[in-house]
Structures are given as C-alpha cells and as structure tokens.
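Engineer: Here the protein sequences come in this chain order: A and B. Residue numbers 1 to 100, in my numbering, belong to the letters of the first sequence in order. Residue numbers 1 to 497, in my numbering, belong to the letters of the second sequence in order.
Source of the hints: derived by calculation from the structure; they are not laboratory data. Errors might be hidden in some of the hints.
In silico SDA-like pairs for lysine to any residue, Cα to Cα no more than 25 Å straight-line [to be verified]:
{"#": "1", "chain 1": "A", "residue 1": "LYS3", "chain 2": "B", "residue 2": "ASP367"}
{"#": "2", "chain 1": "B", "residue 1": "LYS272", "chain 2": "B", "residue 2": "ILE388"}
{"#": "3", "chain 1": "A", "residue 1": "LYS94", "chain 2": "B", "residue 2": "SER308"}
To spell it out: a stretch of chain A is covered by chain B in this simulated footprint if at least three of its residues, at any positions, have a beta carbon under 8 Å from a beta carbon of chain B; those stretches are [what the hints assert, rightly or not]:
{"#": "4", "segment": "60-67"}
{"#": "5", "segment": "70-84"}
{"#": "6", "segment": "87-96"}
We treat Cβ as the ideally placed atom computed from N, Cα and C, and that holds for glycine.
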Amino acid sequence: MIKNGTRLQSQVCDTQVIVVRSADSLDDLRAGGVPMVPIDAERSADATLDPAFSDGNVMGKRYVDENGAEVLVTKAGAGTLSIGTTALNLKEAKPLPASD
Amino acid sequence: MSISLLLEMAASSNPDRTAVVSGEIRLTTSELSELADGGAGVIAASGAEHVAYVGTGGVMLPLLLFSSARAGVAFTPLNYRLSEDGLRQLIDRLPAPLVIADAEYHDVVAGAGKQVITSDEFIVAARTAEPAAEFPDPEDVGVVLFTSGTTSKPKAVELTHNNLTSYITGTVEFDAAEPGDAALICVPPYHIAGVSAALSNLYAGRKMVYMPQFDAVEWVRLVRDEDVTSATVVPTMLDRIVSALERDTIELPTLRNLAYGGSKVALPLVRKALGLLPAVGFVNAYGLTETSSTIAVLTPDDHREALSAADEAIARRLGSVGQPVPSIEVQIRGEDGAVLGPGQTGELFVRGEQVSGRYTDIGSVLDADGWFPTKDIAMLDEGGYLFIGGRSDDTIIRGGENIAPAEIEDVLVEHPSVRDCVVVGPEDPEWGQIIVAVVVPADGASPDPDELRAHVRAQLRGSRTPDRVVFRDELPTNATGKVLRRELVDEFQRSRT
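Work out the full structure: start from the sequences and follow the hints.
Structural biologist: Right, dumping it as structure tokens:
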C-alpha cells in the first residue's frame, strides 16, 4: 500500500497530489485517465489525457473514495482524479471559523 | 506531509499576495518562500540539528518555522521572558541547536555555549545564502514546544509534520479567505497558537499582521489601519481590549471574527465583549500544545444562539468550548476508565492525527488505542457540546471530598462585585486542603467576604463554600493568561508557618 505523505504527479496534466490517507485502492490512482506516478519519476512521453477524464480538479481540495482513501491536490490540473475508471469525490468540509 | 508543502501551495497559487506584515517588513508569499529557502541554506550550513528562537516573533516566526522545515531540522521558539538561567536550561535540552535571538535577547543567550546569531543577521544571511530544500519525512518532528511549566518542570512536546499538517488540512480550507482578509496575530511565538496561526492563516490565504508586544490601544489601532478581519486573543488581552473599548467608543468595522482561548475566559467578560462588539463573530477555541492547537470550537452562531436562548440547556453553552472539530474524537472517562455518557463529568481523552501526546525523554503517553489523556475535567452535553471544568491537577480534596475549583469560580465571578477570581486549595492540618477564593473586586467595589461566601453557598453544596476569601488587585498570570495557582498556594502555605 502506498505510504501516507507520498507525493504523486499526473503524466498527462499539471496535477500533483499528496496522499493524506492511504488505502489499497490508491494503487490504481489516475489523473486524466492515466496512472499517477511518484513526483520524482519520469513521465511517460506518449500518454495523453483521456477526454472522458478531463473535468479537472481544484487546488487545495481533498478528494476521497469509498475505501477511505484521501488525497490533497497540491497543484491543480485538467485531468479528473479517479481510481480505475471511478472518479474520486470532492470532500465537502463544513467551514470552521478562524480560530488561530 | 511536511509543513513546507503548505507554503509551497500558497506561494504557487498566490505568489504576489501579501503574506506577512511585521513592523516595516512586508513579504508576499513568494518572497516568504524564497527567504525560507535561503534561511534553510543558512541553517544547513551551520550544521545544526535543531533551531531555537528567542524573541518576540513577528516575521521571524513563519520564517524560522519554514526555514527549519526546509532544512529538515526541528524548530523550537522559546519563551523570551524567561530568565537567563531558565533559557539556558531549556536550550541545553535541545540537540546541537542554532540559536537565533532578537538583538535585545542576544546577550541573554550569548553565554549558552551554542551557535548564536541575531534575527537581523539571519535575515541578511538568508537573502544571499545558497537555498536548501529538504523534504523531511512526515513522521519527523517539525516543532518542539516547551509547556509553560506552571506546575512542574517544562515538558518538551514533540509535534511531527504530520500532526501539524493534519490539523491544518483538517480544519482549514485552502485559500478560502476573501482577498482582503487579514489576521492580527498577537499571541506569543512560543505558544502553540503562535505556531498554528502562522500555518493556518497562510494556508487560508489571510494576510498575517504581527503585533509582537501586546498593547490594547495599539491592537485597536492595527485593526483599523490594516483592515484586520480576524484576530485571536488570550483572556488577559480580551480583558484589556474590552476595557479600552469601554473607555472610548471605537468602531472596528472590518473585524468579523474574534477568537479567544489559551485558558478559560470568565463568562461576564464574554458577555461584555459580545455586547460591545455586536457585529463581530466570537469564537471560543479550545486546544492543547499536545493536540497541535484547536480541538473544539464554539462558533459565532453558537454564541448568538446561546445568548438569545430561553432554553437553559442552550444558554449554558456560552460557557462551553463548543463541539469537537471533525477530525477529532473525544471521550469522557470516569476514574475507573469507563466511558461516560452525556451530562457526566470525568477526564477528557482525545484522539486524532493532529494529536501528538509525545514528549522528549518521556515518550508517548497515548494509550494502546491512540487516546491522549488531556488531564482536563470535562463533560459533554446532550448536543455534543464540550464543557471544560479545569485541570484535574487543580482538584481540591477537602475532608475527603473532591472539589473542582472551576465550579466555585464560575459562580463567584458572576457576583456583581467580582471582576475576576481563582479558587485554590492550600494544605490544611484539619481538612487536608481548604478552599481559598482569591478575588479581584470590580471597579469601585469592596465586597464583604461573608456575602461572597453566602453567594456561593446559595448555589452550590455547603462543602463548596470558600473557607477564606482573600482580595487582590490582580491575579498572577503568565503571558498567555494562565493563572499561576501554584504561586498562590505556595504563598498561603508559607503564611501559615
């Protein structure tokens, strides 16, 4: 299972994420329909963004799946985040007032 | 995740946004990021394994927090009010530290036998240093804070990068602030609130306006001049701000949100503040150093509902610390360890990724399931609102009966002749401990001790009646508003012998 704190990048768009809460499902984490790779890994030269996974993602938002996996977008991009072909859901947070 | 990433995200999203205003210094997020890279270079070149800071804060706090993270070493802001000897004892407990000190404290730490540079020298060096950018392991310790040591030797609380970033990502939405939002930061740099303020406001996208030495008139001026929209204060600061606002009618039109915490704020003061600033949303934040700051919040809506409630159970919540934040679980446990239900009073245990519960040389005090004993006496009501009844260490055992001082204090402080009070239990040959109420009279009042005792007796069991009532002009507190109970107990015990 991928480690909490691992940083991943998309191979087909600008997206970067960090794993906040790991789960086995994240082994098949994709952005733009193409598997994400570690941030220091070589990106595939011939991969292209799948138009069916091009809804993009939002900077600083957390995305979750049904298995408890959670990633935080540290750089937004054009690709949809998904596990296999199932899109991740945006984690809705109840806004808290500033307390610090 | 590392706290460095919080700055990286802010700098990449809004490079030209003003991040820090501190005296004459103004830095955008990208300037702060560049300076932190250079600062990391200075730290790396020193060979230090730890960074300690002695000074009043301001820009040095976010700068050293992120410089240390990027150098891959832990950071400790120290209480600059400590004596030379006190500071040296703490510095000696840190591994091979680089000590950075504001010019006025340089001489105090110069003889500590460590590498020492001034804050100004650090900034100058950071501007030209070869940048460094390590990525520490998320489980590495990012910040070590010493507890205030009001009851015992200060403990060194270890907060990992994960503890701190879990707190931030769990309670703050990235870049959610409005473009003009500004936070006024006047909490001391060596307090957990000082550390969390630098992280959470940067992440939320709020300009951080620093006020290194608190002064109520200056605070009001800064709120107006810098269009401050939110601020956090400790009880003594709130008391002084309220007094300043009572002296002169001053509007604070930009201020939307005022958080108070650090230690208990007496209810009459909260009501007075709410009355003076009806347009401001008040926030009561409860947390501990060991929990990376806030774990429960009484929101502005909670304050308004409680104030206007006819239902006593809702009205009472004005004296609560609100509901736990979503990423925190809470349990109230009895003396036998059993988990108690709503309305029952016991010790508060908390669990969550922001909770450290680990101390240098002591190790982790979490139980097998990850729960941290806060040593705070607490109760949850039916709606999940958390009430804190003081420290279990402060419990007075009089004639075999356990008495929480907070219970008596809450009643006493509502008497119109009482401005502030604290209840302590010096040793007594007959009862084991006796109840002594130390009272600061309201302006112009000279209350009769027997009347105050009768006031308590009318509302609580007879065994809660103070044996003695003593008057003072003010209570001894530390800089974050914590009452120094030990000092009073020692004084009363000495005066007996």
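Engineer: Give a verdict on every hint.
Structural biologist: Structure-based check of each hint:
For the given pair, LYS3 of chain A sits about 24 Å from ASP367 of chain B by alpha-carbon distance, which is consistent with the 25 Å threshold. For the proposed pair LYS272 of chain B and ILE388 of chain B, the alpha carbon gap of about 21 Å is at most 25 Å, so the pair holds. Of the pairs offered as hints, the one joining LYS94 of chain A and SER308 of chain B holds, with about 24 Å between alpha carbons and a cut-off of 25 Å not exceeded. Only residues whose C-beta sits within less than 8 Å of a C-beta in chain B count toward coverage, and the segment 60-67 of chain A has 3 of them, enough to reach three; the restraint holds.
Only when three residues or more bring their CB closer than 8 Å to a CB of chain B does the claim for the segment 70-84 of chain A stand; here the count is 3, and the claim holds. With a cut-off of 8 Å between beta carbons, the segment 87-96 of chain A has 4 residues touching chain B; three or more are needed, and the interface restraint holds.
When the structure is compared with the earlier hints, no violation turns up for any of them.
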